[in-house]
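Undergrad: Sequence:
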Amino acid sequence: GNFDEVENAYKKFTIDLKAPVGFAKLYLLQGKFEELRTMLEQVQALKKPLDHLYLKTGEFDMALRGFDKRLDDAIKNESVTGQILILYQKGLAYLGLKSVSDAQRNAEELNELIKESPFKKRIRYYQHLMGMIELERKNYPKAIDYFQKAISFLPYTRDKRREYRPLFINSLAEAYYKAGDLEKALDEYKRISSLTFSRIWDGDIYAKSFYMMGVVYERMGRKAKATENYGRFLELWKDADPGIPEVNNARKRLEALQGH
Numbered sequence: 030g031n032f033d034e035v036e037n038a039y040k041k042f043t044i045d046l047k048a049p050v051g052f053a054k055l056y057l058l059q060g061k062f063e064e065l066r067t068m069l070e071q072v073q074a075l076k077k078p079l080d081h082l083y084l085k086t087g088e089f090d091m092a093l094r095g096f097d098k099r100l101d102d103a104i105k106n107e108s109v110t111g112q113i114l115i116l117y118q119k120g121l122a123y124l125g126l127k128s129v130s131d132a133q134r135n136a137e138e139l140n141e142l143i144k145e146s147p148f149k150k151r152i153r154y155y156q157h158l159m160g161m162i163e164l165e166r167k168n169y170p171k172a173i174d175y176f177q178k179a180i181s182f183l184p185y186t187r188d189k190r191r192e193y194r195p196l197f198i199n200s201l202a203e204a205y206y207k208a209g210d211l212e213k214a215l216d217e218y219k220r221i222s223s224l225t226f227s228r229i230w231d232g233d234i235y236a237k238s239f240y241m242m243g244v245v246y247e248r249m250g251r252k253a254k255a256t257e258n259y260g261r262f263l264e265l266w267k268d269a270d271p272g273i274p275e276v277n278n279a280r281k282r283l284e285a286l287q288g289h
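The numbering of the sequence shown is the numbering used here, which starts it at 30 and goes up by one.
Hints should not be assumed to be uniformly reliable.
[As the list claims (entries may be wrong)] Derived lysine-lysine pairs resembling DSBU-like cross-links, with alpha carbons at most 35 Å apart:
id, residue 1, residue 2
1, Lys105, Lys149
2, Lys178, Lys105
3, Lys77, Lys98
4, Lys144, Lys178
5, Lys127, Lys105
6, Lys54, Lys149
7, Lys219, Lys254
8, Lys85, Lys213
9, Lys54, Lys105
10, Lys178, Lys167
11, Lys105, Lys144
12, Lys281, Lys85
[Unchecked claim] Quick list of simulated restraints, FRET-style, between CB atoms:
id, residue 1, residue 2, range
13, Gly260, Gly209, 23 to 31 Å
14, Arg251, Lys281, 16 to 24 Å
15, Asn106, Ser181, 29 to 37 Å
If you are wondering where the hints come from, they were derived from the structure by calculation, not from laboratory data.
Glycine is no exception: its CB is placed at the ideal position from the N, C-alpha and C atoms.
Put together the whole structure using the sequences plus the hints.
TA: Below you can see the structure in the form of structure tokens.
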């Protein structure tokens with residue numbers, strides 16, 4: 030679509046929170062993390078997406094700081110669902126810091142909380158976190174098993190709240206890819222690229238699925254499909270922040286495929 034037209038439309042409605050949230054979705058899809066950060070930092074009510082952004086940009090210490098504060102608030106407000114989600118996110122942040130033992134401790138706490146709550150299907154957060162821990166340990170069969178279970182508990186909804194479908198599927202795709210099962214990895218990346226409603230909060234994962242399809246097709250020797258997918262990714266991220274490794278890598282790979 031025409032990103033500029035959408036951006037201009039949002040700028041006319043900056044009074045309420047719908048506009049910044051709209052920008053957030055748009056900037057993620059375009060790889061504009063710095064612009065998104067600047068906007069979120071200016072709007073006090075958007076601290077939650079800001080912590081979410083820190084996870085995406087690898088600023089795990091900043092993310093943990095935000096999660097700790099939000100966890101205190103959730104406990105104070107007796108919000109069990111809030112506590113479940115934040116413990117899960119904290120686990121991901123610990124993994125980002127390569128602190129597997131902290132992530133494991135968090136996962137155990139999360140598992141206990143879910144078991145004692147009426148929200149049994151939220152076990153998907155524990156399963157996904159355990160999958161990520163096994164992925165970090167390079168135990169791919171176990172990771173795949175956890176990710177498949179986590180995905181099976183995802184709600185089928187058109188709810189506007191974030192429900193992590195792209196992230197869960199992306200983790201499964203990554204586990205298949207690292208395990209050397211290119212066909213299954215490709216199937217999962219295709220699933221991400223075909224998502225509609227649930228990709229709204231994970232536009233960056235949606236965009237990167239085309240990059241990874243390019244990588245997989247290239248490894249399979251399917252040059253035309255690799256070229257097509259690198260091209261789609263670079264079109265989506267043509268205005269992305271400078272220095273993003275996938276963008277630089279896609280350009281190099283595309284040039285090599287086109288014989289430049």
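Undergrad: Next step is simple, just say for each hint if it's right about the structure.
TA: Now the hints, each set against the structure:
1. Between Lys105 and Lys149 the alpha-carbon distance is near 22 Å, which keeps this suggested pair within the 35 Å criterion.
2. The hinted pair formed by Lys178 and Lys105 meets the criterion: a straight-line CA distance of about 31 Å does not exceed 35 Å.
3. Among the hinted pairs, Lys77 with Lys98 is consistent with the structure: their alpha-carbon atoms are about 11 Å apart, no more than 35 Å.
4. A C-alpha spacing of about 16 Å is found between Lys144 and Lys178, which places the hinted pair at or below 35 Å, so the restraint holds.
5. Between Lys127 and Lys105 the alpha-carbon distance is near 30 Å, which keeps this suggested pair within the 35 Å criterion.
6. For the hint linking Lys54 to Lys149, the alpha-carbon distance of about 29 Å falls within 35 Å, and the restraint holds.
7. Restraint check for Lys219 and Lys254: satisfied, since their Cα atoms lie roughly 12 Å apart, inside the 35 Å limit.
8. Between Lys85 and Lys213 the CA atoms are separated by roughly 25 Å; this keeps the pair inside 35 Å, and the hint holds.
9. For a cut-off of 35 Å, the pair hint linking Lys54 to Lys105 stands: about 30 Å separates their Cα positions.
10. Pair hint Lys178 plus Lys167 holds up; C-alpha atoms about 18 Å apart against a cutoff of 35 Å.
11. Distance hint between Lys105 and Lys144 is fulfilled; the C-alpha atoms sit about 20 Å from each other, no more than 35 Å.
12. A hinted pair counts as satisfied when its Cα atoms are at most 35 Å apart, and Lys281 with Lys85 qualifies at roughly 24 Å.
13. For the pair Gly260 and Gly209, the supplied restraint of 23 to 31 Å holds, since their beta-carbon distance comes to about 26 Å.
14. Checked against the hint of 16 to 24 Å, the pair Arg251 and Lys281 passes, with Cβ atoms roughly 18 Å apart.
15. The hinted range of 29 to 37 Å is satisfied by Asn106 and Ser181, whose Cβ atoms lie roughly 30 Å apart.
Of the numbered hints given earlier, the model fails none.
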